[in-house]
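Heads up: the sequence lines are chains A and B, in that order.
Numbered per full-length UniProt numbering, the first sequence spans residues 1 to 498.
Numbered per full-length UniProt numbering, the second sequence spans residues 1 to 641.
Everything labelled a hint here was simulated from the structure, so no lab data went into it.
Note that the structure is a prediction, hence the values are computed from the model and not measured.
Among the clues, some could well be false.
[Stated by the list, open to error] Output of the computed footprint for chain A on chain B, the stretches with three or more beta carbons under 8 angstroms from beta carbons of chain A: (1) 68-76; (2) 150-156; (3) 187-193; (4) 579-588.
[Unchecked claim] Per label pair, the in silico range of CB-to-CB distance: (5) V585(B) with D366(A): 52 to 58 angstroms; (6) A619(B) with D366(A): 39 to 45 angstroms; (7) A13(A) with G638(B): 18 to 24 angstroms; (8) A369(A) with V572(B): 49 to 55 angstroms.
Every residue gets a Cβ at the ideal spot worked out from N, C-alpha and C, and that includes glycine.
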Amino acid sequence: MTWSQLLLVGVLAVPAIGALVTAVLPELPGRRAAAGFALATLMLVGLLGLTRGTGWSGYGLPAVVPWAEYRVSWVPALNLDFHLGVDGLSYPLVALTALLTLLCCGYTVRHVPGGGGSGRTLAALLLTLEVGILGTFLAFDLVLFFLFFEVVLLPMYAVIAGWGGAQRQAAARKFVLYTLLGSVLLLLGVFTVVAAAGTADLMALAGGLGLSRTTQYAAFALFAAAFAVKAPLWPLHTWLPDAHTEAPTVGSVILAGVLLKMGTYGLIRIGVGVAPAGAAWAAPTLGVLAAAAIVVGALLCLRQTEVKRLIAYSSVGHMGFVLLGIATLTVTGLQAALIGNIAHGVITGLLFFLAGAIKDRTGTGDLDALGGLRETAPRLAGLFGFAALASLGLPGLAGFWGEAFAVVAAVEHGGALWTTLAVVAAIGGALTAAYFLRLLRRLTHGPARAELSQPWVGGVEWVAWSPLLALALAVGLMPALVLAATGDPLAALTGAAR
Amino acid sequence: MTITAIFGTMLPAAPLLLGLVGLLLRPGDGGRRRRRAAATLGVAGAAVSLAVTVFWLAIIDYPGDPAEGSLRWVRLGDLDITLTFSAGAAALYVAFAVSAVALAVQVYSIAYLHDDPRYAPYAAQVSLFTGAMLLVVTSGDLIMLLVGWEVMGACSYLLIGHDRRLPDAPAAAVKAFVVTRVGDVGFLLGIALLGVHAGTFRIAEVLTHDYGTGTLTAALLLILAGVAGKSAQFPLHTWLPDAMAGPTPISALIHAATMVAAGVYVVFPLFPLFAAAPAALAVLGVMAAVTLLLGALAATAQDDLKRVLAWSTVSQIGYMTGALAVGSPAAALFHLLTHAAFKALLFLAAGAVIHAVGNNYLSRMGGLRTHMPVTFWSFVIGLAALAGLPPLAGFWSKENVLVAAAHATEGGGPAPAWVGWVVWMAALAGVAITAWYATRLLLRAFFGAERPYGPEGPDWEVGFDDARYQRPVTLHDPPGAMRWPILALAVPTAVLGLAAYLPGFRSALELESPHLDVAIVLPLVLLALGAWAAWWLWHTAPGADPVTALGRVRPVLAHAFYLDAAQDRLVVRPLRALAAAVRLVDERVVDGTVEGAGATTSRLGAVTAAAHRAALPRAAVAVFAGALVLSVLAVAYGVAS
Chain A
1 MTWSQLLLVG VLAVPAIGAL VTAVLPELPG RRAAAGFALA TLMLVGLLGL
51 TRGTGWSGYG LPAVVPWAEY RVSWVPALNL DFHLGVDGLS YPLVALTALL
101 TLLCCGYTVR HVPGGGGSGR TLAALLLTLE VGILGTFLAF DLVLFFLFFE
151 VVLLPMYAVI AGWGGAQRQA AARKFVLYTL LGSVLLLLGV FTVVAAAGTA
201 DLMALAGGLG LSRTTQYAAF ALFAAAFAVK APLWPLHTWL PDAHTEAPTV
251 GSVILAGVLL KMGTYGLIRI GVGVAPAGAA WAAPTLGVLA AAAIVVGALL
301 CLRQTEVKRL IAYSSVGHMG FVLLGIATLT VTGLQAALIG NIAHGVITGL
351 LFFLAGAIKD RTGTGDLDAL GGLRETAPRL AGLFGFAALA SLGLPGLAGF
401 WGEAFAVVAA VEHGGALWTT LAVVAAIGGA LTAAYFLRLL RRLTHGPARA
451 ELSQPWVGGV EWVAWSPLLA LALAVGLMPA LVLAATGDPL AALTGAAR
Chain B
1 MTITAIFGTM LPAAPLLLGL VGLLLRPGDG GRRRRRAAAT LGVAGAAVSL
51 AVTVFWLAII DYPGDPAEGS LRWVRLGDLD ITLTFSAGAA ALYVAFAVSA
101 VALAVQVYSI AYLHDDPRYA PYAAQVSLFT GAMLLVVTSG DLIMLLVGWE
151 VMGACSYLLI GHDRRLPDAP AAAVKAFVVT RVGDVGFLLG IALLGVHAGT
201 FRIAEVLTHD YGTGTLTAAL LLILAGVAGK SAQFPLHTWL PDAMAGPTPI
251 SALIHAATMV AAGVYVVFPL FPLFAAAPAA LAVLGVMAAV TLLLGALAAT
301 AQDDLKRVLA WSTVSQIGYM TGALAVGSPA AALFHLLTHA AFKALLFLAA
351 GAVIHAVGNN YLSRMGGLRT HMPVTFWSFV IGLAALAGLP PLAGFWSKEN
401 VLVAAAHATE GGGPAPAWVG WVVWMAALAG VAITAWYATR LLLRAFFGAE
451 RPYGPEGPDW EVGFDDARYQ RPVTLHDPPG AMRWPILALA VPTAVLGLAA
501 YLPGFRSALE LESPHLDVAI VLPLVLLALG AWAAWWLWHT APGADPVTAL
551 GRVRPVLAHA FYLDAAQDRL VVRPLRALAA AVRLVDERVV DGTVEGAGAT
601 TSRLGAVTAA AHRAALPRAA VAVFAGALVL SVLAVAYGVA S
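Generate coordinates for the entire structure from the input sequences, incorporating the hints supplied.
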């Protein structure tokens with residue numbers, strides 16, 4: 001095993017071991033250990049990034065070549081290899097996952113949400129989630145991808161059902177059943193492809209090699225539906241607001257920050273990668289739905305009266321931009337989708353942290369009962385304002401690139417349909433500004449209504465939030481942080497789609 | 001990176017960085033030290049920019065290529081996005097105006113907001129605002145320009161909503177950002193069209209790219225939507241008067257140096273493209289003429305001092321866009337510079353009046369001349385420059401616009417001749433109306449009988465009141481920190497127009513030399529007519545508002561032709577209703593289907609379960625019956641095969 005292979009396995013093994021250790025330790029040491037393991041994972045991920053060297057690019061090759069790779073045969077009868085790899089496409093998401101998990105575990109050391117469960121169990125579940133999410137991003141085998149995709153489901157169910165709000169049982173059940181439906185479609189898609197191609201290796205499958213056109217159409221339809229539930233794409237989104245509203249703060253952060261990205265990442269890696277002909281065939285439909293999601297999501301947000309619910313609905317609009325970028329099937333669009341993914345993870349993670357802090361302090365998330373935060377809690381209001389401006393796509397902050405360049409990519413694609421979609425998406429961008437400003441006006445301006453139990457921002461909160469604040473600015477100013485290594489793998493992917 | 005590029009970077013970067021640092025200062029009631037830190041950061045940001053601009057203007061040679069420095073920012077697909085700093089001499093003059101006004105505003109604000117607990121974020125946001133505008137001015141890449149453009153929108157939102165005591169302020173702030181953002185829908189699409197076809201967003205390369213006529217016209221019209229939003233042009237002008245809810249120094253900043261100036265400025269570097277698209281210029285010309293008259297007419301009937309000035313800005317920006325439409329970007333830029341001087345002066349002086357009187361209403365002012373001589377004379381100079389009285393700054397630049405429009409009526413320019421006629425006629429009418437409302441303002445506020453000032457006057461808390469200070473016992477001119485910026489701005493208001501005689505300045509703007517021939521007679525006659533009419537009405541009915549002479553037209557003008565209400569009826573309310581409907585559909589239909597599927601499954605399960613719940617005899621019978629059926633089927637199958 002080389003160093004990079006060791007790192008690849010370690011990135012999955014450390015949080016897995018961490019989850020077990022956390023589960024058996026007593027309460028407070030357990031929570032601290034979880035944060036320690038999450039930190040170790042993040043450091044391993046950092047080292048993994050350093051192994052990129054110069055040989056990372058698959059330049060000129062039709063296939064997707066990861067810069068670090070590990071493969072052992074696992075269940076030959078199922079065509080299942082334990083095949084991990086990392087490339088420019090997945091690395092930013094891997095890093096984001098490790099970072100958000102660390103922040104959530106760190107936050108849990110001090111803040112255990114009410115609802116009955118112990119903080120140690122919550123931290124262990126967070127680490128388990130991390131294993132599943134990282135595995136999904138690192139898997140280079142279709143069946144393995146599916147396995148990891150499923151690993152995420154139950155811990156998330158437990159997080160919502162164990163530590164959530166008043167309606168948590170119903171919300172958790174809806175979440176798990178709805179996404180399970182998506183998983184069934186994914187499973188069908190996976191075995192459609194594996195049966196037809198005789199392999200589940202994503203590198204071998206890249207470009208849809210060996211798959212007939214009809215198989216690709218069927219496979220892409222199944223994949224798209226499955227990932228559309230996860231992303232979520234309108235009109236398959238209704239599990240999201242309930243889950244977010246009821247989930248504890250850390251659950252919402254992980255859910256919005258990285259869980260949704262499994263859908264969009266899957267669509268790029270699996271959907272476009274394995275069934276490019278199918279992707280080209282379904283692209284107009286996907287684009288129309290994405291543009292509809294942007295506008296409908298924004299309109300829905302204009303009429304929400306609960307902070308967390310509003311932010312949850314805003315995810316529908318933001319993921320609409322990401323999906324629009326993917327649907328253009330151009331390198332520009334896919335890069336916009338990738339950076340949109342990261343930006344949404346950072347910013348919405350931050351927004352959920354802040355919304356959770358406000359709800360904890362005032363005991364309510366109702367916009368009618370809140371107001372005047374800039375008088376009573378100026379720091380909190382300032383941070384919320386920053387996050388909201390970032391989320392509405394203010395240039396110079398992270399949210400801008402994904403949204404603006406999804407529109408640019410649609411214009412670049414050309415033709416009446418895509419130009420119309422670009423216009424609709426741009427109008428959706430204006431509506432996004434409208435609902436975020438409405439939110440700020442109700443929340444931070446006007447007379448102060450609710451009493452805050454603690455107006456200042458605590459030390460642990462600063463530790464948990466400041467990396468996200470810094471990233472929202474840094475990615476906005478230096479988009480190359482995310483996009484540096486994405487050009488060539490995406491060119492390989494889209495080269496096959498055309 | 002060359003030396004110029006490093007300097008170019010410093011120009012916007014200094015206020016932006018200092019602004020970001022300022023935001024990190026702790027908000028809330030701070031001691032004197034924290035206030036001083038915030039003030040130092042704010043003033044330093046503007047001062048550094050000003051110093052860099054002055055230095056640069058001193059070393060630049062005319063006419064030279066613009067100083068440029070470029071490096072790749074990021075590459076998305078086949079599109080290159082660069083960090084390009086490009087500043088020709090004209091851009092530097094605009095940068096000079098921006099940083100000078102920003103400096104004046106920062107100094108002025110120290111006194112104006114002396115007891116505001118949220119001064120620290122305010123000063124930081126002013127710095128960010130200034131930096132964003134300088135970014136627009138010095139940007140050589142459309143995406144970079146968009147960054148500054150939008151950051152300005154966000155800063156205007158934050159600053160207009162600054163005042164916590166005004167119930168209207170948050171709504172006005174939201175309106176300002178959302179209306180400009182609507183225009184920016186077009187702006188983004190226009191930039192995308194230009195960039196996608198050229199394969200790059202660098203302005204220098206965009207200018208040399210050969211676009212098809214259709215693409216070019218479409219892209220430029222889209223960009224004009226953004227210009228209309230930022231520069232408050234019809235029909236996206238509605239946010240500007242409401243933005244008066246912001247503190248008065250912010251009004252000065254928005255009207256003179258940033259925001260509204262940005263819209264006009266952005267056409268300037270792209271003008272070679274506009275010159276190739278007469279249709280876009282025609283639209284711009286009509287928009288300019290409508291805005292010019294609309295703003296001037298609305299200004300005649302306002303009772304709020306700041307609103308008179310706000311509408312006059314709308315109208316004056318109409319002159320600038322009109323100059324652009326008739327193919328004279330030089331005249332537009334010249335008017336932008338003189339307008340920056342006199343409008344900043346007028347707003348800061350208006351702040352002094354409001355500071356002293358305690359409200360914004362002309363109907364509660366009068367006779368201020370003897371109490372506030374400095375403010376009075378500042379107003380005289382500012383209003384005379386606004387009206388275009390020689391030899392003040394506004395005269396020269398407005399003259400330039402009028403000459404350019406008159407030229408365009410002969411055809412042969414980039415714009416059709418009829419656009420020249422439209423702009424020229426509107427501009428001439430505007431001269432008379434401007435003189436009328438400027439005279440009215442001066443007479444109502446500073447002459448005539450004194451009226452009860454301060455809290456004892458009736459209703460002084462209603463509306464756009466941003467004076468939250470202790471009433472002075474007697475009216476007086478403002479304190480030093482407020483007085484000096486006013487006096488400093490009075491100088492360029494008076495003499496900036498004469499810069500048209502400086503060859504360096506002229507070649508930088510590509511301005512024609514001033515020609516004082518018979519053409520100046522007509523506007524001067526109109527000016528005298530307008531001013532005389534206002535004076536005569538005021539004189540014949542002492543104490544009455546000259547605007548009463550308008551009779552039934554007055555409320556129409558006071559409400560600016562009810563366009564605000566129209567916007568509310570036609571856009572805002574339908575959108576709200578649509579959102580409510582969408583929410584209903586989402587909850588009842590989309591989510592209803594999901595919930596319904598779940599409920600139906602549960603119900604089916606319950607029915608099936610109920611069918612399986614049976615007492616022992618019936619269960620036994622069922623089992624045996626099942627066994628019988630199965631064995632019969634098996635036997636039948638065996639026999640058949």
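Here's how the hints hold up against the structure:
{"no.": "1", "hint": "68-76", "in the structure": "holds (count 4)"}
{"no.": "2", "hint": "150-156", "in the structure": "holds (count 3)"}
{"no.": "3", "hint": "187-193", "in the structure": "holds (count 4)"}
{"no.": "4", "hint": "579-588", "in the structure": "holds (count 5)"}
{"no.": "5", "hint": "V585(B) with D366(A): 52 to 58 angstroms", "in the structure": "violated, 23 angstroms"}
{"no.": "6", "hint": "A619(B) with D366(A): 39 to 45 angstroms", "in the structure": "violated, 53 angstroms"}
{"no.": "7", "hint": "A13(A) with G638(B): 18 to 24 angstroms", "in the structure": "violated, 57 angstroms"}
{"no.": "8", "hint": "A369(A) with V572(B): 49 to 55 angstroms", "in the structure": "violated, 25 angstroms"}
Taken one by one, the earlier hints fail for this structure at numbers 5, 6, 7, 8, listed in ascending order.
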